[in-house]
Amino acid sequence: MIKFNTDFDSEVKLVNNDITYVSSKHKLFNVNLKEIWQYRDLILLFVKRDLTTSYKQTILGPLWILINPLLSTTVFTVIFGIIAGIPTDGMPQFLFYMSGNILWGFFSSCLNRGSGTFLGNVRLFGKVYFPRLVMPISGIIYNLVNFFLQTSVFVILVIVYAVIGANVHPNWLIALTPLLVLQTAMLGTGMGLIISSITTKYRDLNVLVGFGVSLLMYITPVVYPISQVPVNFRWLMLLNPVAPIVETYRCAFLGRGSFEWPFLLISLAVTAGLLFWGVVVFNKVEKNFIDTV
Numbered sequence: 001m002i003k004f005n006t007d008f009d010s011e012v013k014l015v016n017n018d019i020t021y022v023s024s025k026h027k028l029f030n031v032n033l034k035e036i037w038q039y040r041d042l043i044l045l046f047v048k049r050d051l052t053t054s055y056k057q058t059i060l061g062p063l064w065i066l067i068n069p070l071l072s073t074t075v076f077t078v079i080f081g082i083i084a085g086i087p088t089d090g091m092p093q094f095l096f097y098m099s100g101n102i103l104w105g106f107f108s109s110c111l112n113r114g115s116g117t118f119l120g121n122v123r124l125f126g127k128v129y130f131p132r133l134v135m136p137i138s139g140i141i142y143n144l145v146n147f148f149l150q151t152s153v154f155v156i157l158v159i160v161y162a163v164i165g166a167n168v169h170p171n172w173l174i175a176l177t178p179l180l181v182l183q184t185a186m187l188g189t190g191m192g193l194i195i196s197s198i199t200t201k202y203r204d205l206n207v208l209v210g211f212g213v214s215l216l217m218y219i220t221p222v223v224y225p226i227s228q229v230p231v232n233f234r235w236l237m238l239l240n241p242v243a244p245i246v247e248t249y250r251c252a253f254l255g256r257g258s259f260e261w262p263f264l265l266i267s268l269a270v271t272a273g274l275l276f277w278g279v280v281v282f283n284k285v286e287k288n289f290i291d292t293v
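Under my numbering, the first residue of the sequence shown carries the number 1, and numbering increases by one thereafter.
Worth double-checking, as some hints may not be accurate.
What the hints assert, rightly or not - Pairwise CB distance ranges (calculated):
hint : residue 1 : residue 2 : range
1    : ARG203    : SER227    : 21 to 27 Å
2    : VAL231    : GLY210    : 45 to 51 Å
3    : LEU182    : GLN38     : 36 to 42 Å
4    : LEU70     : ALA269    : 33 to 39 Å
5    : LEU51     : THR177    : 18 to 24 Å
The set of hints was computed from the structure by calculation and includes no laboratory data.
Beta carbons: idealized from backbone N, C-alpha and C, even for Gly.
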């Protein structure tokens, strides 16, 4: 039995497993981690579903997780490295492009999955209740699985290049990799939640998301080193929160590039702000988005 409580200071409670008190209490920043943890099996179920359906009825199946970055890296190497002749500061071209490609792919996947939370799951949300943050969290875990597999191949290639004497010098910055990965996931998801909340009312923003992500990639040092940016404008480039993450990741594994820790701290602050804002607007929109969509 469900009872609607008109006391604005009360919260949703379950009594004797059969009476639920539903209140209108809604905090500005309301993330019930305990409730999300209770739905951990559902999160894993969504991750398993995504892993199963993503490559269903394909010849190579999950191997596409590894083939996609290798193919796109090859294209980048041919177009930007060989044809355009963009220098890579002495780093092996294939490893240079692969490092930026893998991390950028992880960021854009988190952003795209986060931005489709409401519109992509409107039918499911309309039928059953569960914490709506379960969907972007499951998306992060799914993307982490892909990123881990791709990074494993990248690490193997780094070792091979180092053994044959290429200009590759992994260093202590590798210890920052977990922080960089977590920050990338938070940044992409925070931006995605903001976009997802806005697109419930303004669908045309969805059309601009793909263009915006592509544009952001070209103002991020993914296909060129930061050294190719004029010194007077380099600081402006590094204010892009993704740029110092890519540079640090590349510097950690390849030993070249730049580790701009002040800009990395700024990027971390921007990430925290975007994630907080994203959760706030997400909480606000999830109350009545079914009536809007």
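request  = Find the hints from earlier in the document that the structure breaks and name them by number, from lowest to highest.
outcome  = 1, 2 and 3
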